[in-house]
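What follows is each chain in one-letter form.
There are 2 protein chains.
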Amino acid sequence: MDTFGRHLLVEYRGCDGELLNDLDFIEVLMKRAAVAARATIVTSTFHMFAPQGVSGVVVVQESHLSIHTWPERGYAAVDFYTCGDCKPELAHQELLAGLRARAFELMLVHRGDGAHGSCLHMERHLRGVSDPMAPVCASGDVVSASLGWGV
Amino acid sequence: MDTFGRHLLVEYRGCDGELLNDLDFIEVLMKRAAVAARATIVTSTFHMFAPQGVSGVVVVQESHLSIHTWPERGYAAVDFYTCGDCKPELAHQELLAGLRARAFELMLVHRGDGAHGSCLHMERHLRGVSDPMAPVCASGDVVSASLGWGV
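Sequence lines, in order, name chains D and G.
Residues 1 to 151 in my numbering are what the first sequence spells out, letter by letter.
Residues 152 to 302 in my numbering are what the second sequence spells out, letter by letter.
Just to be clear, a hint being listed does not mean it is correct.
Below 20 Å or equal to it, Euclidean Cα-Cα: the simulated SDA-like pairs (lysine to any residue) are [stated by the list, open to error]:
1) G:Lys182 to G:Ile192
2) D:Lys87 to D:Gln61
3) D:Lys31 to G:His198
4) D:Lys31 to G:Ser195
5) D:Lys31 to G:Thr194
6) G:Lys182 to D:Thr45
7) G:Lys238 to G:Asp264
8) G:Lys238 to G:Val186
9) G:Lys182 to D:Phe46
10) D:Lys31 to G:Phe197
11) G:Lys182 to D:His47
12) G:Lys182 to G:Glu245
13) D:Lys31 to D:Met48
14) D:Lys87 to D:Val35
15) G:Lys182 to G:Asn172
16) G:Lys182 to D:Thr43
17) D:Lys31 to G:Thr196
18) G:Lys182 to D:Ser44
19) G:Lys182 to G:Ala248
20) G:Lys182 to G:Asp167
No lab work stands behind these hints: they were computed from the structure.
With the rest of the complex left out, here is chain D:
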């Protein structure tokens, strides 16, 4: 089986804190994201932390999707790692809308045997805002701020 994978690491900021603390909501959203990415769900596990926060993983035939939330910060760290013909960027669109994120930052890493050889390869690093009041940050290695990448 082809080992080539596309791994999106995404940070969501300015999210709705109540949603980030709602385990059932997060689980449904993550499974919806997996389906949107055209992945096939194998199993999943979600956990509620005290006093707050949710962690969860959806294992798919094509790898996994994971989330960790900090409701008090309006922040979630998410990974969409899929092999084959999946579209992890479509999972990202589900989360961006579902969490009502005001801003995101995203890194796309190629893994396994791909066009760049048998190597990890950072393909994209970009930020986006859906709200002009969203927090911004300084980073020296953001190589693209364009959102027009074929979603």
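We have chain D already, so just place chain G on it with the hints.
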């Protein structure tokens, strides 16, 4: 709670294919890696694929560790994402030895609120070999090949 996290993305190559196809072995190894990283295990899920391959995730209080294996390729893609004072590089050492990998490639990404601001930040990208016959690959963005980074 502090959102700062250190996320290691690691590719192991030239591994023992039988070990990569042994679900019980992989599960024990990943849990040992979590403990080595000084993380606290919350829950886990491991799955055996047909005709071969194992996927598994260990959710820890400090985020998660995941693995996907391709026994026929001697290849495993692993993530160690830990927040707080954990040491994901110690988990990497467990896997490197446990899988009998001949080579690895590793990317360290900072996440959440850290010294670099509220941003994803690629801190290190390096390769290592434990066998001079190990496969090598060409990559334009490997910024360090040194293994001496405080493990």
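Any hints from earlier that this structure breaks? Give me their numbers in increasing order, please.
The structure breaks none of the hints.
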